[in-house]
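All chains should be modelled from the sequences, with the hints used to inform the complete structure.
Spelled out from the first residue to the last, the chains are:
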Amino acid sequence: VAARERPVIGFLTDFGLDGAAAICRGVMLSIARDAQIVDISHTVRKFAIGDGAYLLRSALPWLPVGVHVAVVDPGVGTDRRPIAIRTKRGDVLVGPDNGLLLPAAERLGGVTAAREIANREWLLPDPSATFHGRDVFAPAAARLATGASFEAVGPELDTASLARLELPEASVERGRLATGVMYVDSFGNLRLAGGLVELRAALGEVEPGAGLILEIGAPGAGGRRWEHLRWRRTFGEATAGELLAYEDSAGNIAVAVSNGDAAARLGAGTGARIGIRRA
Amino acid sequence: VAARERPVIGFLTDFGLDGAAAICRGVMLSIARDAQIVDISHTVRKFAIGDGAYLLRSALPWLPVGVHVAVVDPGVGTDRRPIAIRTKRGDVLVGPDNGLLLPAAERLGGVTAAREIANREWLLPDPSATFHGRDVFAPAAARLATGASFEAVGPELDTASLARLELPEASVERGRLATGVMYVDSFGNLRLAGGLVELRAALGEVEPGAGLILEIGAPGAGGRRWEHLRWRRTFGEATAGELLAYEDSAGNIAVAVSNGDAAARLGAGTGARIGIRRA
Amino acid sequence: VAARERPVIGFLTDFGLDGAAAICRGVMLSIARDAQIVDISHTVRKFAIGDGAYLLRSALPWLPVGVHVAVVDPGVGTDRRPIAIRTKRGDVLVGPDNGLLLPAAERLGGVTAAREIANREWLLPDPSATFHGRDVFAPAAARLATGASFEAVGPELDTASLARLELPEASVERGRLATGVMYVDSFGNLRLAGGLVELRAALGEVEPGAGLILEIGAPGAGGRRWEHLRWRRTFGEATAGELLAYEDSAGNIAVAVSNGDAAARLGAGTGARIGIRRA
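Protein chains in written order, with the working numbering: chain A, 2 to 280; chain B, 2 to 280; chain C, 2 to 280.
You may find that some hints are simply not true.
Identical copies go unnamed one by one, so any copy, or any two together, can satisfy a pair.
What the hints assert, rightly or not - Here are the simulated DMTMM-like cross-link-like pairs (lysine to aspartate or glutamate), alpha carbons at most 20 angstroms apart as the crow flies:
1) 47 / 238
2) 47 / 243
3) 89 / 152
4) 47 / 170
5) 47 / 167
6) 89 / 157
The hints are simulated quantities; they were obtained by calculation from the structure and are not laboratory data.
Pasting the structure below:
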């Protein structure tokens, strides 16, 4: 049908569902009328840059190549820089320089260039100090989506200067995988750092049905607790209400309750320290 | 404008608002770039196949003919079949064979054919055991939306073999309509099985303002309770806070509180047994 | 690409996320297949016409000129009129005549004409008494979006006859701004009536960091309380957890907690009386 495909703009914020994201949508469509805006999430936990980074990096590999804008930005209006970064896959990611964009960029082949958004002709006139989603990020993303050159964004940045998050990591110990909760999804499943490779390195091959012990909390801390659970290939192999560990659809280890909410049952949230060993 | 209309894909899940639905959206748009994805709901109560089936059958008759994908799938990764079913209206419904799709198909004229999704060229490579929305249903729906033939889905299924839900039904007794709660909507209104035809068969003609008695709970059960309410044509005819029964916009009997939440007030949810008789 | 741009339809309701908005979307797309529907919000507090009016007027100035439909309609099915109003900017707003549309119309240059929706050929056959979103407003908006003339809507209305809301207003007193909460956003920020002009008229120039006193509750009422806070240009200038006042992105005075929820902390919601004076 089209001489040119409609440009895709992925869009993630912690703005909630009451209109701020719609204002940005309006700004983008006013500039890039034929853009296909793909909402990733607007219910990211408020101010939770790590949650936003996790969701963005989970989603973007599945979206078409495009310009993607993400705003979880507790430092709006301060001297944190507004940035656009180009990925090896060909995407441009737009948002605040607070660590939100880099994990996704790494999933898209890595950062090939970064620029500070400084083109005054691209910003809305008289930008506010509290809503750069509307005044800076949405218009910049829309300009790029209409085909404006990446070089026009503003001055080039040293990619080593970009802010990075400290995210939970998995480490392999003798007979134990030491990891942490990266994200709690809407089912209450705990998404952990590390995948099957790390689990096998720590515990050897793990067969479906194998018994495991989950440690919640850091060693030495008073609140450390233990739970029995089984390694499962999928939820339906467990009995309803059973605590289980599985390889999630992103290739990470995850903990769930079959037909239930693991985060609520375990009282564990993002950032919690987790250990896994054999029962 | 278009030589061909953009294909419509209706989309319903219990994935919540934090990115899993967006991943499926990305997969669909990567295959069917000009698809018009119409989100029906992604906040279906987790694992509640009946709620999903109710919402799908409520919505689809109002959407343009298209390919529609629905995923409420506690049995993902087990041997429940992934299916596509064709309706008399011309739609194709895609999802798990667990009863989710059939009530909607019946509203669209009935099932004319069903196939198991088994075309490996259509699936994402190396499908996961926990996210068939992304790996099976979204790509199959998108292929069909681009015009791929229904026959290419996979082997034909006997439609009598498809899984069916047990849904609440209305039965007419002497002076009493025995029914049940099919769904609690976001206003807290109780949507009941049966419509005006059944109510009239049980109680005779019911005029606006007529007094009724609502029985909540099954006969013989200790928790059975009674509430007075009035038959109303619309909410505004009731005083604020009044309990009322009305014919809802789908043609079913429903119970509401004017400017309030009937489910919270009555403590009644999906599946609750309800009786209605004259006061 | 397009001979004609896709028409934009802004869309706001209190229908929630479980399918009623999708039904309206389906109705609109069945009539105006190439419409670009821009969801503004569907989680407006139930029956809260004032909240809906606030969000609509906040969002519409940022959307492209179009037909916009809004439904927060506790009086559905009663004699409140269904209306379409034309704005000076060129938009048409569609919804119930209960005050929901007028504040947005004023932001779009004012009302230039109003008509009652009465064209039976535009309504769905046999309209329900409880779902005019589906049966009246969505089809009328879609017809207008396809280019139908405003005159075809129905009989002209005297714009002075349109229902108006009583919204909180700001008044300048000696050394005090008397105002009220217009809206609590999803961050818990209190959006107040009145802007910098009114604040300066009451208190003189207010520098970033200046100490203020916030009065919550009406004078004479037992529940009146006082809180210290500072005037800030943006959230990041405050310490985490600090109560602050700022000029919000719509040009109004607002009260926030840095990285927190002001409404929860202050126990203050829409309609609360607020006074601001110097510390």
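Is it within, between, both, or neither for residue 47 and residue 238, if the alpha carbons may be no more than 20 angstroms apart? So residue 47 and residue 238 pass the 20 angstroms test across copies only (18 angstroms; inside, 35 angstroms).
For residue 47 and residue 170, with the copy left unspecified, which applies at a CA distance of at most 20 angstroms: within, between, both, or neither? Classified as neither: same-chain Cα gap 23 angstroms, cross-chain 29 angstroms, threshold 20 angstroms.
Give the relationship of residue 47 and residue 167 under a CA distance limit of 20 angstroms: within one copy only, between copies only, both, or neither. within (18 angstroms within a copy, 32 angstroms between copies)
Alpha-carbon proximity between residue 89 and residue 152, which holds within one copy, between copies, both or neither at 20 angstroms: within (16 angstroms within a copy, 39 angstroms between copies)
Homomeric proximity label, residue 47 with residue 243: Cα distance no greater than 20 angstroms: Cα proximity of residue 47 and residue 243: across copies only (16 angstroms, versus 31 angstroms in one copy).
At most 20 angstroms between alpha carbons: which applies to residue 89 and residue 157, within, between, both or neither? within (16 angstroms within a copy, 43 angstroms between copies)
Of the numbered hints stated above, the single one contradicted by the structure is hint 4.
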